[in-house]
Each structure stands twice: as structure tokens, then as C-alpha cells.
Amino acid sequence: MLDLGALNPPQREAVVTTEGPLLVLAGAGSGKTRVIVHRIAHMVQQSVPASAILAMTFTKKAASEMRERVGKLVSARRAKELTVGTFHAFGLQMLRAEHARLGYPRQFTIADAGDQAALVKRAMREVKIDDRSFDHRRVLGLISLAKGEGIGPGEPIRREGRPTLHGEEYELVAEEVYPRYERALRAMAMVDFDDLIGLPVRLLRESEALRRRYQERLRYFLVDEYQDTNRAQLELLKLLSLPRANVCAVGDDDQAIYGWRGAEVENILRFHRHFPGAREVRLEQNYRSFGCILDCANAVIAKNEDRKAKALFSDRGPGEKVRVVACPDDEAEARFVVAELRASIASGRRAGDHAILYRTNLQSRVLEEAMRAEGVPYDVVGGTEFFDRREVKDLLAYLRLFVNGGDEVSLLRIVNFPSRGIGDATMEKIRHRATVEALPLLAAMRKAAAGAWEEVRPAAQRVGAFVELVDRYAARLAAGEAASRIAHDLIDEIDLRGAISAQMTSAEAAARRIALVDETLISLERFEVREGKKGSLGQYLAQLTLDRRDDEPEGPAGDRAVLMTLHAAKGLEFPVVFLVGLEEDLLPHKGIQGAPQDLAEERRLAYVGITRARERLYLTRSATRLSRGRPLPRTPSRFLADLPEHAFEATDISQPTEESERRSETFFEELLAKLEAG
DNA sequence: AATTCGTCAACCAAC
DNA sequence: TTGACGAATT
Numbered sequence: 001m002l003d004l005g006a007l008n009p010p011q012r013e014a015v016v017t018t019e020g021p022l023l024v025l026a027g028a029g030s031g032k033t034r035v036i037v038h039r040i041a042h043m044v045q046q047s048v049p050a051s052a053i054l055a056m057t058f059t060k061k062a063a064s065e066m067r068e069r070v071g072k073l074v075s076a077r078r079a080k081e082l083t084v085g086t087f088h089a090f091g092l093q094m095l096r097a098e099h100a101r102l103g104y105p106r107q108f109t110i111a112d113a114g115d116q117a118a119l120v121k122r123a124m125r126e127v128k129i130d131d132r133s134f135d136h137r138r139v140l141g142l143i144s145l146a147k148g149e150g151i152g153p154g155e156p157i158r159r160e161g162r163p164t165l166h167g168e169e170y171e172l173v174a175e176e177v178y179p180r181y182e183r184a185l186r187a188m189a190m191v192d193f194d195d196l197i198g199l200p201v202r203l204l205r206e207s208e209a210l211r212r213r214y215q216e217r218l219r220y221f222l223v224d225e226y227q228d229t230n231r232a233q234l235e236l237l238k239l240l241s242l243p244r245a246n247v248c249a250v251g252d253d254d255q256a257i258y259g260w261r262g263a264e265v266e267n268i269l270r271f272h273r274h275f276p277g278a279r280e281v282r283l284e285q286n287y288r289s290f291g292c293i294l295d296c297a298n299a300v301i302a303k304n305e306d307r308k309a310k311a312l313f314s315d316r317g318p319g320e321k322v323r324v325v326a327c328p329d330d331e332a333e334a335r336f337v338v339a340e341l342r343a344s345i346a347s348g349r350r351a352g353d354h355a356i357l358y359r360t361n362l363q364s365r366v367l368e369e370a371m372r373a374e375g376v377p378y379d380v381v382g383g384t385e386f387f388d389r390r391e392v393k394d395l396l397a398y399l400r401l402f403v404n405g406g407d408e409v410s411l412l413r414i415v416n417f418p419s420r421g422i423g424d425a426t427m428e429k430i431r432h433r434a435t436v437e438a439l440p441l442l443a444a445m446r447k448a449a450a451g452a453w454e455e456v457r458p459a460a461q462r463v464g465a466f467v468e469l470v471d472r473y474a475a476r477l478a479a480g481e482a483a484s485r486i487a488h489d490l491i492d493e494i495d496l497r498g499a500i501s502a503q504m505t506s507a508e509a510a511a512r513r514i515a516l517v518d519e520t521l522i523s524l525e526r527f528e529v530r531e532g533k534k535g536s537l538g539q540y541l542a543q544l545t546l547d548r549r550d551d552e553p554e555g556p557a558g559d560r561a562v563l564m565t566l567h568a569a570k571g572l573e574f575p576v577v578f579l580v581g582l583e584e585d586l587l588p589h590k591g592i593q594g595a596p597q598d599l600a601e602e603r604r605l606a607y608v609g610i611t612r613a614r615e616r617l618y619l620t621r622s623a624t625r626l627s628r629g630r631p632l633p634r635t636p637s638r639f640l641a642d643l644p645e646h647a648f649e650a651t652d653i654s655q656p657t658e659e660s661e662r663r664s665e666t667f668f669e670e671l672l673a674k675l676e677a678g
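Going by the numbering used here, the first sequence runs without a break in its numbering and finishes at 678.
These are calculated hints, taken from the structure and not from any lab test.
Ideal Cβ positions, reconstructed from N, Cα and C, are used throughout, including at glycine.
Treat the hints with caution; some may be incorrect.
Label-pair distances were calculated between CB atoms; the ranges are [unchecked claim]:
hint, residue 1, residue 2, range
1, Gly382, Glu208, 38 to 44 Å
2, Asp598, Gly629, 26 to 32 Å
3, Gly421, Glu385, 29 to 35 Å
4, Arg389, Gly629, 23 to 29 Å
5, Arg125, Ala452, 23 to 29 Å
6, Arg125, Ala311, 51 to 57 Å
7, Gly421, Ser207, 47 to 53 Å
8, Arg205, Arg526, 36 to 42 Å
9, Ser207, Glu454, 48 to 54 Å
Under the rule of at most 25 Å between Cα atoms (straight-line distance), these lysine-lysine pairs were calculated in the DSS-like manner [stated by the list, open to error]:
hint, residue 1, residue 2
10, Lys80, Lys533
11, Lys393, Lys121
12, Lys238, Lys308
13, Lys310, Lys321
Put together the whole structure using the sequences plus the hints.
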């Protein structure tokens, strides 16, 4: 039942102010989710139909948690009627319903990061841009930023009043590449992440009837993590919600950590400009962390300018001091963390009470090794994820091709895997013919198989066999057969397991890779069971592309410590947190050459990390770190110097140990040996 | 034409 | 430590 008396005054105000625009500035650990959940429940109780409420969250996991918690306050049946999800998921749903207006086929697919990279690379080659002097990732980044700001292909990318991101040459290159990239997407019946927001914006802008239809259904809006929304997302929100303006934005400018992705803190700082007459509520009481942790957090963030000043306070008492630890090298750092973690578990905490946070994914490896060596159960969130593994991607590429025959990236990926004698030279010839005759690649292959072109005739039979295979499976899929069965048969027919073992040098490696394929099958089967009849393979693939976090294969859900990046830790909390690698150039991270680093954002990142801890916090660093095989001396992070004396205790175990001595000795011996040999 | 081998550079965060 | 690419090999 709903008890508003249990809330503090600002929280209550945020809950009961249901009409008109409202900005909730929610400091870390200030009971934000609780407020959101109560607010929705309260509205439903005030007889707002649940189906008229749209809540946007940052991740799918946050969405399901929100729905569940609302369900406990009202009824599960009511909670089901809510629309809760990410901006991208909402956009996808809208595109599914309205694809015809845009001239897209029903079976369009979403380009993942790999597809995007492939398309950008190809486009760069087309305009003869040397991909050694220009990094395709940066080019793609610029295109994505432009899309997020509503800049179309063919328009100048140059952003007014803002520094160039990687230098002007990059912007010129991106301007060249953008239209070609866009054309390639359309030709393949694909949309990218930014299109999931941008295309709905276009649709709503262009059709008043459509706008009215959505506005009749959706009348109340709630956006979580508002500080990380970009211009296109704001535009979508405005198109849906104005002029009614029943918009509640919840966020914290101090936790804005996605500037590099185009998120605009201005959205939160200028909320009242977009939604005139907005009220503002500040939640500053922290219910999460003990005083020392909070004091450290406040001290670190206080050095940022241009913030909506908040001072978090807690009545939980000072608690333990934050422990600042210096280690000799990254391996020792990992060993220290794992040793403390084990001691903590021995003293009664569960493994799942602990989180290890780091700035970059590469830092996870040493930590993982140490965890495994000591037998501590753990999960890694993000990073090189399961679905990014090559074997998994190969299998998924087949499935994607069956769903969308236009998906050339997938086609090229698997056309010769397992090896079937259709190499680059053959494909290049067919590609050329396809371009000349303006045919989709698969259609061109069909024609090549029929012997239409002299130069591909030697491979015609093999090409024919491949096309036949694709057609046969695509037909089965179209006929409504279960995707998992199709995948199963496919794996047998092409002997995927055999092909994988043939590639691997050791039997264990092969077994590991084959297990990945089996897990993919299981994941697909799970999806089919969960979604029943309405779950199509297309949806499964879309969901994977959109948010792969909560569908990873995992053991019996359970009690495991968790390793993740600071970005992935947003919104979470743990009794014990280890924040590792507090060193200059790592946290704060040194920007890539040419890209000015955003020190304020790095500071916010540190702040996010610190405020994840409830009871105990470790801040560790190493004096030396292995970088591409050799030890690199490190200096302590400037953020450590900001911590208030009373709130932490420092330990320095960075004197070289026997182990590290031995390691650097062998390193130099090997180096010497190599030099002598060479 | 396909596969394998060896060299070289990269490596920040993710819907 | 991985990956992408070009040269050498079958």
C-alpha cells in the first residue's frame, strides 16, 4: 500500500506534483528510484490510467525493476499496462508500427557497433580515404554525434560554437562519409542506434495526425537519468509531451558521464526553458552511504564549476574511514583487492555485496585472473561480452541473414565460413556486378550462380550452393518455424562445431568455443519460451543489439562479486566498493590525442564511483602498471589529493615485493636475450 | 584462389 | 594482449 508519510518533504513533493513540468534533482543515493516508483503508484491511485504513463529509463534492467516495484505498490496487472523502457526501445517499437511511412520493409534490422564500423570503413574506402591516417571509430563517432543533434547527411557537421572534436580534417572526412554510410544502411534495410530516436522524431514532426494519436494515448512522462539524454531524445520527449507538458525529469548533473556520446547536461540545466513554468525539487539527503564516504564524494565533486550545487548529507554517522591504498603494480593491486574481498566474505558478507569498479575494460583482466586464482565467484558486466565473441557472432550472422536478406555485412561475414571456396576475389567480382546492375548482393549471387557472368563462372556452383542454403532456411523461417530449431539444423548442416575445432589449436580451446555456440542456442530457446508466440527471431536479434546486458548466459543466478566499468555502475549500489586504478591518465583518463579530455566529466566519473559504496570504500592505485608487456611508472590521481584528511586512511605497500622484483628481473633478462639473439 | 604466417599498431566509456 | 593486413605458401 502507498504510504507517503514514509517520505521526506522534498520526496513527497516530487511524488504529489503530478501535473505540469517538474525537475527532480536527485543526488546520489537520495532515494530516487523510490520516489519514481511512488510517484507512478500515486498517479495510478489518483486514477490516471497506467496506459497513459510513459517512463523512460537508461537500461532495460532499470525498466523491469521499476515495473516490478510499481507492481508491488499497485497491482501487477496495472503495472503491466505501463509503458516503461529505454528511449531506444520506445523508438524501435514506434518504427515497427510505422515502418511503412519511412519506406522500410517490415523486416528491417538494427546495425550493431560492428555493422556500423564495417559500413564506415567501406564508405571510407569508396571515397579513397586512407583508413590508416583516419580512425574509422572517430569518424563514426562524429557521424553519430551529428545524428544525435539532428544534422542530416549532406549538411555540414561542423558544430557551431564548439571545439572540433578530432581536428577539422576529421569533420571534413565525416561529412564525406556520412551520406554514403546512410545510403548503405538504407540499402541494407538497416537502422542504427541514432535512427531509433531520429526517425521517430522525423515521423512525429512530419505528421500531425500521428502526433495526435500518440498524444492521445500517452499523457504523463517520466524520464530517469535525464542528465544523460541528448538533443534528439529531448526533441522526442517534447514532440510527445507538449503542449500538455506533464513531464517529470529526474537526474543529477553531477552524474553526467555520457558527454562523449552526445548527452547534453544543458538539458537538465535549462529544463525550465524547454518546459516553461517547471517546478524544481532537490533531493539532498543521502540514505546510502556513511559520512566518510560522502565527505570524500562531496570533496571530489566540489571542484567542478557550473553545477547545480547540491550538498549531500547523511544521518548515518561517519562510519569507517575510506581506505586509500598504494600498490607496487597492477597484479599486486588485484591480489590486494581479492584478499580484502575474501576477508570480507569470511567476516560474514556475501560475495554479491562487493563490486570492483574500474575506468577501462582492459583493467578487468588482471582482476579476473586474481579472482579466479582465489576461487571467488564473480561476474563481469560489459566489456568484451558474450555476444561479441566471434563464434557467437558468426552464428548470429547466419540468423540475421535469414531474417533480412539485405544484410550484406552478415552475408560477407559468413559467406566463406565454414570455408566453402567463395573467397574475396569471387565476392569482389560479384560485388562489382551488383553495383553496376544495382542489385542487392544476395540477388547478384543468385544471378552469378545461374552463370550470368563469365568471370564468376568457375565459382558458380559453390555460390549456387550457398544461395540455396540461405534461401532454404529463410523460407523455413518465413513459414513460421521455430528459430531455435532452424539454428540447430543449420549448425548441423554446416558442421559449425567441426569448423570451429578445425580452427583451434588445442582441444580445450575448441571445446570452449563450441560451448559458446551451444549457449547461444540456449539463449535463443529461453527467449522463445519467455516470449511465446509473439517472439520472433527478428525481435530476439533486435533485443540483443539494443541491450545485451540482461540476457547473457549466467550460471544459477547468484551470489557473485561484480566487476564493471564506472559507466556500467551508474545507478547501482554495493555495501563494499573497490575503485581501482586511481592514477593520472587512467582516472582522470587522458583523452586520445587530438581529443580534448573533459576533466569535469572524469571528476563526475570518480564521484559516481565513490557514491556507489554504502559501508566501505577502497581507493587503490599502482606505482607501476603493465602496458603492452612492459611496466610503466604511474603517478597518483589528482582526485586523491582532494580527499579530506579526516575521512580516509592511507596505506602504502608500493615498495617492490620479492614477486615484483622477480618479475621485472625476468622481464629485463628476456629483453636482453632477445636483443642478443637479434 | 585460399590459407597461414608474421609484423605492426592500438587501447576509453556504450545505447 | 589482440586484431588487422600483406606476403608467402599450398
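**Message:** Checking each numbered hint in turn, tell me which of them this model violates, lowest number first.
**Reply:** none
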